[in-house]
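All chains, full assembly: derive it from the sequences and hints.
Protein sequence lines correspond, in order, to chains E and X. First residue of the first sequence? That's 1 in the working numbering, and the numbers climb one at a time after it. First residue of the second sequence? That's 1001 in the working numbering, and the numbers climb one at a time after it.
Hints in this document: simulated from the structure, not taken from any laboratory. Be aware that one or more of the hints could be misleading.
A few chain E positions that, by computed beta-carbon distances, are all more than 12 Å from chain X [what the hints assert, rightly or not]: (1) Gly21; (2) His25; (3) Arg28; (4) Ser34; (5) Asp35; (6) Phe38; (7) Gly79; (8) Tyr81; (9) Asp91; (10) Arg100; (11) Arg106; (12) Thr107; (13) Ser109.
Examples of chain X residues toward chain E, derived with CB under 8 Å [what the hints assert, rightly or not]: (14) Pro1055; (15) Ser1070; (16) Arg1142; (17) Arg1144; (18) Ala1149.
Listed next, the in silico BS3-like pairs over lysine-lysine satisfying Cα-Cα at most 27 Å (straight line) [stated by the list, open to error]: (19) Lys1096/X - Lys1038/X; (20) Lys1177/X - Lys1124/X; (21) Lys1041/X - Lys1096/X; (22) Lys49/E - Lys99/E; (23) Lys1049/X - Lys1038/X; (24) Lys1038/X - Lys64/E; (25) Lys1185/X - Lys1124/X; (26) Lys1049/X - Lys1036/X; (27) Lys1096/X - Lys1036/X; (28) Lys1042/X - Lys64/E; (29) Lys64/E - Lys27/E; (30) Lys90/E - Lys49/E; (31) Lys95/E - Lys49/E; (32) Lys64/E - Lys1124/X; (33) Lys1036/X - Lys64/E; (34) Lys1096/X - Lys1049/X; (35) Lys64/E - Lys1096/X; (36) Lys1041/X - Lys64/E.
From the three backbone atoms N, C-alpha and C, an ideal C-beta is built for every residue, glycine too.
Residue strings, one per chain:
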Amino acid sequence: MLILTCPCCGQTGEETEFHAGGEAHLKRFGPGSSDDDFQGYLFMRENPKGVHFERWRHVYGCGKWFHAARCTMTLEIFGTYPAQTLEPPKDLCDKISGKRPGWSWRTFS
Amino acid sequence: MSNAVSAMHGATWSDGIADIAEAPLQGMITLRADMKDKAVKKAIAAATKVEMPGPGQANGVGDRGLCWMSPDEFLLLCPYDTVAADLARIQTALAKTHALAVNVSDARALFRVSGPAARDVMAKLAPVDLSPAVFQPGMFRRTRLAQVAAAFWMPNADTFQIVCFRSHAQYMFDLLKTAARKGSKVGAF
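What follows is the structure in structure tokens.
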């Protein structure tokens, strides 16, 4: 079970109060992009054992979207941060490095 | 003028570890605005005469209450008879700001779970830490109860007040009755 804290409203609840919204920090390739880029955007997803970044929505609470960093193996939540960002905040990355040295995820590490 | 009635016609049940009752008609006004905006704060405080609650809190003054629903949404509780007047006053006060105030009194149902085991009953249904050290009177929590969205607060140490959608009223009443069945006290708190 995941215990998430919504960065928008500060409430802490378990995962059934939230809804998972898939992988975080996707770069969108729409009309006019190359076929490879579009295919990558549409279908290619990370499937890590360990550190993972996801989008979540506080569906039964404030209704806002946010980002969460978690471990897929232990279900540990490293932290949550606002949706209005293109990358995880540095202090969160440092915290993850402390717990999972040498981690990397897409272009982040 | 139609005769306004509550969703469950004030149904009550007291054949278990906690008493369940549908509360009488309650005036409710949803307020959406940028709550950090000074003009909004001032207008809401003046129009509702209740101090703005902090995150996860509910403030009550007499028969009025202001509940924190999310960073940009508050719920004003007021007597059912004065909703129209309150709403008009709020809309006038907020006229110059980007804000929304809507009367939702008839869109909601209100329940009361009371008794020493009320906390047990609620903890069975909500994915929330309800231990007495964490959740106390004065706090307000918006979450789910089993399969439907709801919000609740504690008027006192033995009572929970629940707001849910009116269309979920029957489900909520049955749900609370099931969770409060005789002999089903968990005793975790």
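Comparing the hints with the structure gives:
1. Gly21: Fine: 17 Å to the nearest Cβ keeps Gly21/E off the interface.
2. His25: 23 Å, holds
3. Arg28: At about 26 Å from chain X, Arg28/E clears the 12 Å cut-off, so the statement holds.
4. Ser34: 40 Å, holds
5. Asp35: 41 Å, holds
6. Phe38: Since the minimum Cβ distance to chain X is about 35 Å, Phe38/E lies beyond 12 Å and the statement holds.
7. Gly79: 18 Å, holds
8. Tyr81: The claim stands: Tyr81/E keeps its Cβ more than 12 Å from every Cβ of chain X (closest is about 15 Å).
9. Asp91: 22 Å, holds
10. Arg100: 27 Å, holds
11. Arg106: 30 Å, holds
12. Thr107: Given a closest Cβ separation of 31 Å, the condition holds.
13. Ser109: 32 Å, holds
14. Pro1055: 5 Å, holds
15. Ser1070: Interface hint status for Ser1070/X: holds (3 Å vs cutoff 8 Å).
16. Arg1142: With a minimum Cβ separation of about 5 Å from chain E (threshold 8 Å), the hint on Arg1142/X holds.
17. Arg1144: Holds, because the Cβ-Cβ distance from Arg1144/X to chain E comes to roughly 4 Å (cut-off 8 Å).
18. Ala1149: 5 Å, holds
19. Lys1096/X - Lys1038/X: Holds, at roughly 12 Å.
20. Lys1177/X - Lys1124/X: 12 Å, holds
21. Lys1041/X - Lys1096/X: Since the Cα atoms of Lys1041/X and Lys1096/X sit roughly 13 Å apart, the hinted pair holds (cutoff 27 Å).
22. Lys49/E - Lys99/E: Since the Cα atoms of Lys49/E and Lys99/E sit roughly 14 Å apart, the hinted pair holds (cutoff 27 Å).
23. Lys1049/X - Lys1038/X: Holds - the C-alpha atoms of Lys1038/X and Lys1049/X are around 16 Å apart, at most 27 Å.
24. Lys1038/X - Lys64/E: 23 Å, holds
25. Lys1185/X - Lys1124/X: 10 Å, holds
26. Lys1049/X - Lys1036/X: 18 Å, holds
27. Lys1096/X - Lys1036/X: Roughly 15 Å separates the two Cα atoms, so the pair holds.
28. Lys1042/X - Lys64/E: 25 Å, holds
29. Lys64/E - Lys27/E: 20 Å, holds
30. Lys90/E - Lys49/E: 22 Å, holds
31. Lys95/E - Lys49/E: Holds, at roughly 18 Å.
32. Lys64/E - Lys1124/X: 25 Å, holds
33. Lys1036/X - Lys64/E: 17 Å, holds
34. Lys1096/X - Lys1049/X: Given that 27 Å is the threshold and the Cα spacing comes to 19 Å, the pair holds.
35. Lys64/E - Lys1096/X: Answer holds: Lys64/E to Lys1096/X is near 26 Å, not above 27 Å.
36. Lys1041/X - Lys64/E: Since the Cα atoms of Lys1041/X and Lys64/E sit roughly 22 Å apart, the hinted pair holds (cutoff 27 Å).
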